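Just so you know, the protein sequences line up as chains A and B, in that order.
For the first sequence, UniProt numbering gives the first residue as 1, with consecutive numbering after it.
For the second sequence, UniProt numbering gives the first residue as 1, with consecutive numbering after it.
By construction, these hints were calculated from the structure, which means they are not laboratory data.
All figures in this text were calculated on a predicted structure; none of them were measured in a lab.
Mixed in with the good hints, there may be bad ones.
Identical chains share a label here; the pair holds if one copy fits it or two copies do between them.
[Claimed, not checked] Simulated pairs of lysine to aspartate or glutamate, EDC-like, Cα-Cα distance not exceeding 20 Å: (1) Lys168 - Glu226; (2) Lys383 - Glu425; (3) Lys267 - Glu132; (4) Lys315 - Glu146; (5) Lys309 - Glu366; (6) Lys168 - Glu228; (7) Lys267 - Glu201; (8) Lys398 - Asp268; (9) Lys315 - Asp165; (10) Lys312 - Glu155; (11) Lys294 - Glu228; (12) Lys312 - Asp165; (13) Lys64 - Glu366; (14) Lys309 - Glu394; (15) Lys409 - Glu228; (16) Lys348 - Glu366; (17) Lys267 - Glu228; (18) Lys348 - Asp286; (19) Lys309 - Glu358.
Number of protein chains: 2
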Amino acid sequence: MAWFRSLIRVSAVQPRNAVSSPFSVTSTLLSLRSLSGEASNQPQDPQPVPIQYSGLAPTRPGEKPRVVILGSGWAGCRLMKGLDTELYDVVCVSPRNHMVFTPLLASTCVGTLEFRSVAEPIARIQPAISREPGSYFFLANCTGIEADKHLVHCETVTDGPDTLDPWKFKIAYDKLVIALGAQPLTFGIHGVNEHAIFLREVHHAQEIRRKLLLNLMLSEVPGISEEEKSRLLHCVVVGGGPTGVEFSGELSDFIKNDVHQRYAHVKDHIHVTLIEANEILSSFDDRLRQYATKQLTKSGVRLVRGIVKDVKAQKLILNDGTEVPYGLLVWSTGVGPSSLVNSLEFPKSPGGRIGIDEWLRVPSMEDVFAIGDCSGFVESTGKPALPALAQVAERQGKYLAHLLNKIGKANGGHASTWNAAELGEPFVYRHLGSMATIGRYKALVDLRQSKEAKGLSMAGFVSWFIWRSAYLTRVISWRNRFYVAINWLTTLVFGRDISRI
Amino acid sequence: MAWFRSLIRVSAVQPRNAVSSPFSVTSTLLSLRSLSGEASNQPQDPQPVPIQYSGLAPTRPGEKPRVVILGSGWAGCRLMKGLDTELYDVVCVSPRNHMVFTPLLASTCVGTLEFRSVAEPIARIQPAISREPGSYFFLANCTGIEADKHLVHCETVTDGPDTLDPWKFKIAYDKLVIALGAQPLTFGIHGVNEHAIFLREVHHAQEIRRKLLLNLMLSEVPGISEEEKSRLLHCVVVGGGPTGVEFSGELSDFIKNDVHQRYAHVKDHIHVTLIEANEILSSFDDRLRQYATKQLTKSGVRLVRGIVKDVKAQKLILNDGTEVPYGLLVWSTGVGPSSLVNSLEFPKSPGGRIGIDEWLRVPSMEDVFAIGDCSGFVESTGKPALPALAQVAERQGKYLAHLLNKIGKANGGHASTWNAAELGEPFVYRHLGSMATIGRYKALVDLRQSKEAKGLSMAGFVSWFIWRSAYLTRVISWRNRFYVAINWLTTLVFGRDISRI
Numbered sequence: 001m002a003w004f005r006s007l008i009r010v011s012a013v014q015p016r017n018a019v020s021s022p023f024s025v026t027s028t029l030l031s032l033r034s035l036s037g038e039a040s041n042q043p044q045d046p047q048p049v050p051i052q053y054s055g056l057a058p059t060r061p062g063e064k065p066r067v068v069i070l071g072s073g074w075a076g077c078r079l080m081k082g083l084d085t086e087l088y089d090v091v092c093v094s095p096r097n098h099m100v101f102t103p104l105l106a107s108t109c110v111g112t113l114e115f116r117s118v119a120e121p122i123a124r125i126q127p128a129i130s131r132e133p134g135s136y137f138f139l140a141n142c143t144g145i146e147a148d149k150h151l152v153h154c155e156t157v158t159d160g161p162d163t164l165d166p167w168k169f170k171i172a173y174d175k176l177v178i179a180l181g182a183q184p185l186t187f188g189i190h191g192v193n194e195h196a197i198f199l200r201e202v203h204h205a206q207e208i209r210r211k212l213l214l215n216l217m218l219s220e221v222p223g224i225s226e227e228e229k230s231r232l233l234h235c236v237v238v239g240g241g242p243t244g245v246e247f248s249g250e251l252s253d254f255i256k257n258d259v260h261q262r263y264a265h266v267k268d269h270i271h272v273t274l275i276e277a278n279e280i281l282s283s284f285d286d287r288l289r290q291y292a293t294k295q296l297t298k299s300g301v302r303l304v305r306g307i308v309k310d311v312k313a314q315k316l317i318l319n320d321g322t323e324v325p326y327g328l329l330v331w332s333t334g335v336g337p338s339s340l341v342n343s344l345e346f347p348k349s350p351g352g353r354i355g356i357d358e359w360l361r362v363p364s365m366e367d368v369f370a371i372g373d374c375s376g377f378v379e380s381t382g383k384p385a386l387p388a389l390a391q392v393a394e395r396q397g398k399y400l401a402h403l404l405n406k407i408g409k410a411n412g413g414h415a416s417t418w419n420a421a422e423l424g425e426p427f428v429y430r431h432l433g434s435m436a437t438i439g440r441y442k443a444l445v446d447l448r449q450s451k452e453a454k455g456l457s458m459a460g461f462v463s464w465f466i467w468r469s470a471y472l473t474r475v476i477s478w479r480n481r482f483y484v485a486i487n488w489l490t491t492l493v494f495g496r497d498i499s500r501i
Numbered sequence: 001m002a003w004f005r006s007l008i009r010v011s012a013v014q015p016r017n018a019v020s021s022p023f024s025v026t027s028t029l030l031s032l033r034s035l036s037g038e039a040s041n042q043p044q045d046p047q048p049v050p051i052q053y054s055g056l057a058p059t060r061p062g063e064k065p066r067v068v069i070l071g072s073g074w075a076g077c078r079l080m081k082g083l084d085t086e087l088y089d090v091v092c093v094s095p096r097n098h099m100v101f102t103p104l105l106a107s108t109c110v111g112t113l114e115f116r117s118v119a120e121p122i123a124r125i126q127p128a129i130s131r132e133p134g135s136y137f138f139l140a141n142c143t144g145i146e147a148d149k150h151l152v153h154c155e156t157v158t159d160g161p162d163t164l165d166p167w168k169f170k171i172a173y174d175k176l177v178i179a180l181g182a183q184p185l186t187f188g189i190h191g192v193n194e195h196a197i198f199l200r201e202v203h204h205a206q207e208i209r210r211k212l213l214l215n216l217m218l219s220e221v222p223g224i225s226e227e228e229k230s231r232l233l234h235c236v237v238v239g240g241g242p243t244g245v246e247f248s249g250e251l252s253d254f255i256k257n258d259v260h261q262r263y264a265h266v267k268d269h270i271h272v273t274l275i276e277a278n279e280i281l282s283s284f285d286d287r288l289r290q291y292a293t294k295q296l297t298k299s300g301v302r303l304v305r306g307i308v309k310d311v312k313a314q315k316l317i318l319n320d321g322t323e324v325p326y327g328l329l330v331w332s333t334g335v336g337p338s339s340l341v342n343s344l345e346f347p348k349s350p351g352g353r354i355g356i357d358e359w360l361r362v363p364s365m366e367d368v369f370a371i372g373d374c375s376g377f378v379e380s381t382g383k384p385a386l387p388a389l390a391q392v393a394e395r396q397g398k399y400l401a402h403l404l405n406k407i408g409k410a411n412g413g414h415a416s417t418w419n420a421a422e423l424g425e426p427f428v429y430r431h432l433g434s435m436a437t438i439g440r441y442k443a444l445v446d447l448r449q450s451k452e453a454k455g456l457s458m459a460g461f462v463s464w465f466i467w468r469s470a471y472l473t474r475v476i477s478w479r480n481r482f483y484v485a486i487n488w489l490t491t492l493v494f495g496r497d498i499s500r501i
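Excised from the complex, chain A in its bound form:
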């Protein structure tokens, strides 16, 4: 065993002798200490000081400036993709290492698309984070921002004690971009977080899929009462925005094409109910809305006007006291500011988002920008709040990449070196129209610039084709475009996949 022990010894010793990296604990720690005022009283003390915090120290004048991006959604990823890594080091902090192609997420719940096809690794969006010595991706949550010190606080995401206790660290930034997104609104209704499933992340779609297939299989078990069978197979969607409507449409497609074939024993018990307090698809043209209502009803989705009062484990209760038993409950009633955004002592826009000016800067905070669903124009700009849409986030990310690259080229990349006179054109949002699929090769496309404006709106197969093509060309990498096309093709030929894995 001597050779093995020596191997183990080598592996334990070698890294200590390795070339010091930018991670080198001691040097970084010292820099941070001097920076954050947490220095030991005896810096010359030869004994090791217990390490509480570590991190990335501020960049020095000769080094590339560092852009820190919080979040990996549409806004953050589009920004990373556009940043010139010759000018900047890029550091991304997010609890997930991929971007989710949210408009296609509903399709993954029923097996039309694979989960992998709608997730794009950040390392593919911006390869520098895995190659450049000063660029990183950190699987962590931001826990606080010290804007006066140009510093963000982070804590690692872990999977329990077997791996590692959560680890805190700080990152000094030259430019900070907050792209933290939003979180689902529950309106304080009791039981939503416990019993309903949202539809924002891949793990949500996985949970919906597992539960749907489990309920289908459980309802086949002998001895189960008819009432319980109907409950298990009652899929309730709360919220009639595009997400809720698209999910209802996918679900009714799945029932019509796959449940009828693969679960013939229980096919007459499965039902979909869509509950909405107002009108479904309220941002769409009247005609489109009527069309969607007709199509959804035709494909078996029950549309119900109601306000949810309480959610319990197996039923929800409406405002008028009606009890609705469910087996699967999906919640998609829109989004609002996350708890971190709420806790930040930053200027806010109406609605509680982080306030930004026309150049997407957070006013009075030097070198801080905010984009995507977490941000909104401050009142002084006189601009309306932009909707929490992927296309807004994507356009803001693109604009900011351009702006930061311009600043970098003008040698304004480093912290507190930026001359605001060089700003250039402000960000202007032009709405390109809304799209939503309603199942069965049908979709709505609304190309009006706003709810009041005149313009083209259409519905049906042609829109569905436009919808699919538009999304296919927007999925970021060729690899995922290829996979999405292959998924659609196999679903068409072989039907949806029903393995519960």
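Got chain A sorted already, so can you dock chain B onto it with the hints?
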């Protein structure tokens, strides 16, 4: 809201008025009561009796006989595929609704293949279970067998109280096939079940993948010590059989091709160690074994001879006291009888498997068969135990389908109606050779009939090509063949996927 309440009312009432199905609780319950002697003292009591048990009653003479299959592995699925559903109703009981294509499972851990590509839904293998009125798949575990009453006891698999409490039911069979597989051997070593991951199911592969990617990302976080980084990135595989070797090979491929490109910051810290008490690939030809050892060592896998004594959360301890810190521990030291098999009071083969005769019948148990890893020839047959291999299970499933179809055609399908004189040829196993991939487009193919026999054995690219082709044509459905080919192609073109979803 009146229309909604009426909708709810309709949905609650309608099923009760629906045509009575074979699941009808009352009739089934009564049949089972008379069968199992659990009848109430007052069967004429008009008050409802609390339902404890329900299930599928015995088939009647005019009905199709019912084959109950416990398990959905290679043996059970091959049998289901081959059964003539004109002759039999098929009922499968298993905690998973898909078959896992185990030889390709190692490839899914590192993203070479998608999880979906190696899982085949049972409803695709035998469509009758979702179409025929008397055929079913039940997502449940078998909890006991009453062979004298031709009855199996089952309990549903659930995902916690939100869905349904576990539900018990009984199924009467005409023919019972036990294909429960085996469970990983831990040799009573403390901590294996808690800290190590096996590699037998898709959820194991998902866990390995999530942990591997998490450790790669955590080790990039600033402030982590070099020692901790080395631990996190130390992947230890215990067991040098084909599974352990294939996983080590895949892992070293992943490190060479993808970690070096996508995790450049930590690429020098990641290492793979394969621990085996004896020789790796002990069933293979000497020359092949030497070749495998050379290739694995060349690709950076450390081969260690040792016996694991104890497993703790972040390190394992060998017999000689050596401590081996690990970030990921995969356990593949072979399989043994499951606890249900141990608990059955059936004749056993040497090694504790369910004893079978040459026709795969369980001796002295009428209408009961056992196939796959859970079964072994009883001593009186004078035949050696067959290895726990997919090809054995697959061949047994095929043979038994043929035998049962023959019995069914001779009107021996119903319980206790079978004339043993009609048995025909006994099952004979002919070993077709062993294959194992060792990464980097290299594989071993050993076409000898046994360890002692002479025959063709080869290693290298040609074998790898044979290995891939052989598996590709064996993946059961065209859909999965297509997906596996597409996965291999995209891995070649775009590299492996690294989203942690």
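For each hint, the structure was consulted:
1. Taking the shortest Cα distances, Lys168 and Glu226 sit within 20 Å of each other only across copies (17 Å), while inside one copy they are farther apart (52 Å).
2. For a Cα distance limit of 20 Å, the shortest separation of Lys383 from Glu425 inside one copy, 16 Å, qualifies, whereas the shortest one across copies, 85 Å, does not.
3. Taking the closest pair of Cα atoms, Lys267 and Glu132 come within 20 Å of each other only across two copies (13 Å); inside a single copy the shortest separation is 54 Å, beyond that limit.
4. Proximity of Lys315 to Glu146 under the C-alpha cut-off of 20 Å is found in neither arrangement, the shortest distances being 44 Å within a copy and 38 Å between copies.
5. Proximity of Lys309 to Glu366 under the C-alpha cut-off of 20 Å is found in neither arrangement, the shortest distances being 44 Å within a copy and 58 Å between copies.
6. With identical chains, the CA atoms of Lys168 and Glu228 are at most 20 Å apart between copies only, with a shortest distance of 15 Å across copies and 47 Å within one.
7. Taking the shortest Cα distances, Lys267 and Glu201 never come within 20 Å of each other, neither inside one copy (29 Å) nor across copies (29 Å).
8. When the C-alpha separation of Lys398 and Asp268 is checked against a cutoff of 20 Å, the pair qualifies neither within a copy, at 48 Å, nor between copies, at 35 Å.
9. Taking the closest pair of Cα atoms, Lys315 and Asp165 come within 20 Å of each other only across two copies (16 Å); inside a single copy the shortest separation is 38 Å, beyond that limit.
10. In this assembly of identical chains, Lys312 and Glu155 lie within 20 Å of each other by CA distance neither inside one copy nor across copies; the values are 33 Å within and 25 Å between.
11. Proximity of Lys294 and Glu228 under a CA criterion of 20 Å is satisfied in neither setting, with 30 Å inside one chain copy and 60 Å between copies.
12. With identical chains, the CA atoms of Lys312 and Asp165 are at most 20 Å apart between copies only, with a shortest distance of 16 Å across copies and 34 Å within one.
13. Taking CA atoms no more than 20 Å apart as the test, Lys64 paired with Glu366 passes inside one copy only; the shortest distance there is 19 Å, against 79 Å between copies.
14. Taking the closest pair of Cα atoms, Lys309 and Glu394 never come within 20 Å of each other, the shortest separation being 35 Å inside a single copy and 54 Å across copies.
15. For a Cα distance limit of 20 Å, the shortest separation of Lys409 from Glu228 qualifies neither inside one copy, at 65 Å, nor across copies, at 39 Å.
16. Taking CA atoms no more than 20 Å apart as the test, Lys348 paired with Glu366 passes inside one copy only; the shortest distance there is 16 Å, against 77 Å between copies.
17. For a Cα distance limit of 20 Å, the shortest separation of Lys267 from Glu228 inside one copy, 15 Å, qualifies, whereas the shortest one across copies, 53 Å, does not.
18. Proximity of Lys348 to Asp286 under the C-alpha cut-off of 20 Å is found in neither arrangement, the shortest distances being 33 Å within a copy and 72 Å between copies.
19. For a Cα distance limit of 20 Å, the shortest separation of Lys309 from Glu358 qualifies neither inside one copy, at 39 Å, nor across copies, at 65 Å.
Consistency with the previously given hints fails for numbers 4, 5, 7, 8, 10, 11, 14, 15, 18 and 19, ordered from lowest to highest.
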